[in-house]
Amino acid sequence: MIQLDNVSYSYDKGGGISNVNLRLNDSEYAFLIGPTGSGKTTLLRLIYMELFPQVGKVMVDKYNSKNIKPRKIPYLRRKIGMVFQDYHLLNDRNLFDNIALALHVIGFSKDEIVDRVTESIEEVGLEGKADHYPQELSGGEQQRACVARALVKDPEIVLADEPTGNLDPVTSFELIKLLEEINREGTTILMASHNYNLIKGRGHRIIEIQNGTVRQS
Amino acid sequence: MDKMMFLLSEGMKNLWRHKLTAFTAIFSTFLTLAVTGSLIIVSQNTNRVIEYFRGKYKIEVFFNDSVKDDRIVEVVEEFKKINGVRSTTLISKLDAEKIFKSQFGENILDLVGYNPLPASCVVNLVRYQTSKLNVNPIINRIKNYPEVDEVNYQGRLIYQIESYYQKFVKIMTAVLIFVLGISVFIISNTVRLTIYAKKDLIKSLYLIGATRLFIKMPFIIEGIFHGLIGALFASILLIAGMEFGSEIIFSVTSIKIQYNPFILIGILSSISIVISYMGSSRAISKFIK
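Protein sequences, first through last, are from chains A and B. Position one of the first sequence corresponds to residue 1 (the numbering used here), numbered consecutively onward. Position one of the second sequence corresponds to residue 1001 (the numbering used here), numbered consecutively onward.
Same shape as in the complex, but just chain A (with noise of 0.2 angstroms):
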């Protein structure tokens, strides 16, 4: 469960979410769509507790951004599978070794590690890729690998900003059928986006933001 209390954060430069309530069921499918600039990003930071409120609280599961310890905020985000616009994949290792990274920071013992990266890999359909590089990935094909970092440690949720931002169309629809079935597998999905076409009709909520207010939900 992830609820948002009357949660404002500005940024020195102007900016930000102001006066945010929202509430996200388990295993609900959301999408949180916004003109670039509107907060949709601020959201997702706070949400995993990247960013705090400077007025309202936000929780996650059992995690209160108002008591949270600094050395808890880890356990949170074992929690929480990010996908991002830009991928953030390390160039300076091969696929498997990208979304293992992720095993290896939970203490997931090597043999372990390998069967949930072969796994993750064959779910999001990049067979026979484990041990290309992200520079020899199509855009695609690194936003699956992203989603595959992603889903790797089993989250409860998968927070994705902006994650078609950089695909094709064809592509872009693929990978909402991909969170889709992650969906439908329990996890909560909460996905930003600019593209309403893209979006809509699919029957799941729409969170509209504008200017860093929620405007409806």
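Treat each hint with caution, since some may be false.
As the list claims (entries may be wrong) - On the chain A side, residues computed to face chain B include the following (Cβ under 7 angstroms):
hint: 1; residue: 68
hint: 2; residue: 72
hint: 3; residue: 74
hint: 4; residue: 78
hint: 5; residue: 88
hint: 6; residue: 90
hint: 7; residue: 92
hint: 8; residue: 102
hint: 9; residue: 104
hint: 10; residue: 105
hint: 11; residue: 107
hint: 12; residue: 135
Said to hold, decoys possible - In silico SDA-like pairs for lysine to any residue, Cα to Cα no more than 20 angstroms straight-line:
hint: 13; chain 1: A; residue 1: 110; chain 2: B; residue 2: 1013
hint: 14; chain 1: B; residue 1: 1203; chain 2: A; residue 2: 90
hint: 15; chain 1: B; residue 1: 1058; chain 2: B; residue 2: 1143
hint: 16; chain 1: B; residue 1: 1199; chain 2: A; residue 2: 94
hint: 17; chain 1: B; residue 1: 1013; chain 2: A; residue 2: 198
hint: 18; chain 1: A; residue 1: 69; chain 2: B; residue 2: 1010
hint: 19; chain 1: B; residue 1: 1286; chain 2: A; residue 2: 71
hint: 20; chain 1: B; residue 1: 1081; chain 2: B; residue 2: 1065
hint: 21; chain 1: A; residue 1: 72; chain 2: B; residue 2: 1071
hint: 22; chain 1: B; residue 1: 1199; chain 2: A; residue 2: 91
hint: 23; chain 1: A; residue 1: 110; chain 2: B; residue 2: 1242
hint: 24; chain 1: B; residue 1: 1203; chain 2: A; residue 2: 110
hint: 25; chain 1: B; residue 1: 1199; chain 2: A; residue 2: 45
hint: 26; chain 1: B; residue 1: 1199; chain 2: A; residue 2: 93
hint: 27; chain 1: B; residue 1: 1203; chain 2: A; residue 2: 97
Source of the hints: derived by calculation from the structure; they are not laboratory data. Ideal Cβ positions, reconstructed from N, Cα and C, are used throughout, including at glycine.
Once you've looked at the hints, dock chain B against the given chain A.
Relative to chain A, chain B alone:
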């Protein structure tokens, strides 16, 4: 266990992944340790020089004629117990007569009809002491004995040698601390460059839930590897330099430079681990708040 192995292998792989920064860090550690190692060898051999001089320090104590031989033996034994005294050598009146004959070729009894030479003893001082050797308390203790008539020693010379030695020790210590401080600073800045080059990795690690320790460990391990490789090269250079250079120095100055290669490697490796750990911890702590 697997996590520890991963951190170790990450530290090692980073050496290869970031060759340029690794080279810079290793080279700066190598230079620092080569200078440090040279200073260590110089100070070890300077200790030998001061020990040589101290071995030459002599206090000559002459006894009153009226003191009996048994008492002189007792007093000389008591001298040995004075702090700073290494050994004593008793020269009886008879010994003095023999020494006179050996040095001047004539029997003093034939010259003056009796033996006027007093019984005496030579007091030798300790050699191994890093602090300043102060002879005055020893001289005062000896002079307090009523049996003692006269005490001769090279007071001014000993004072000067000891003063110079103390100054040398202080300067060497200051230089060593300075060099090590500089090396921590250089290593720290080099590691900061490495960290900056790996900011994407750090960001990713943060986002997938890595703890601060997990993020820091590969950098610290990598820093220690840099240090140990630097120490290895510095040891090779110094040992090769000593093997080659000591013969030349001996042929010119008759001073045989002594050092223990295993101790040198041990000291340099230990210093490298400490300075690399300090340097990389300092850098990573500044970056990862």
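Structure-based check of all given hints:
1. 68: 13 angstroms, violated
2. 72: For residue 72 (chain A), the interface hint is violated, since the closest Cβ of chain B sits about 10 angstroms away, which is over 7 angstroms.
3. 74: At 4 angstroms from the nearest chain B Cβ, residue 74 (chain A) passes the 7 angstroms test, so the hint holds.
4. 78: Holds, because the Cβ-Cβ distance from residue 78 (chain A) to chain B comes to roughly 4 angstroms (cut-off 7 angstroms).
5. 88: 5 angstroms, holds
6. 90: For residue 90 (chain A), the interface hint holds, since the closest Cβ of chain B sits about 6 angstroms away, which is under 7 angstroms.
7. 92: 5 angstroms, holds
8. 102: Given a least distance of 4 angstroms, the restraint on residue 102 (chain A) holds.
9. 104: 5 angstroms, holds
10. 105: Hint on residue 105 (chain A): holds, closest Cβ of chain B at ~4 angstroms, below 7 angstroms.
11. 107: Nearest chain B Cβ about 5 angstroms off; hint holds.
12. 135: 13 angstroms, violated
13. A:110 to B:1013: 17 angstroms, holds
14. B:1203 to A:90: 10 angstroms, holds
15. B:1058 to B:1143: 15 angstroms, holds
16. B:1199 to A:94: 18 angstroms, holds
17. B:1013 to A:198: The hint is violated at about 42 angstroms.
18. A:69 to B:1010: 28 angstroms, violated
19. B:1286 to A:71: 17 angstroms, holds
20. B:1081 to B:1065: With a Cα-Cα distance of about 24 angstroms, the restraint between residue 1081 (chain B) and residue 1065 (chain B) is violated, given a limit of 20 angstroms.
21. A:72 to B:1071: It is violated: about 81 angstroms lies between the C-alpha atoms, which goes past 20 angstroms.
22. B:1199 to A:91: 12 angstroms, holds
23. A:110 to B:1242: Judged against 20 angstroms, a Cα distance of about 47 angstroms means the pair is violated.
24. B:1203 to A:110: 24 angstroms, violated
25. B:1199 to A:45: 18 angstroms, holds
26. B:1199 to A:93: Since the Cα atoms of residue 1199 (chain B) and residue 93 (chain A) sit roughly 15 angstroms apart, the hinted pair holds (cutoff 20 angstroms).
27. B:1203 to A:97: 16 angstroms, holds
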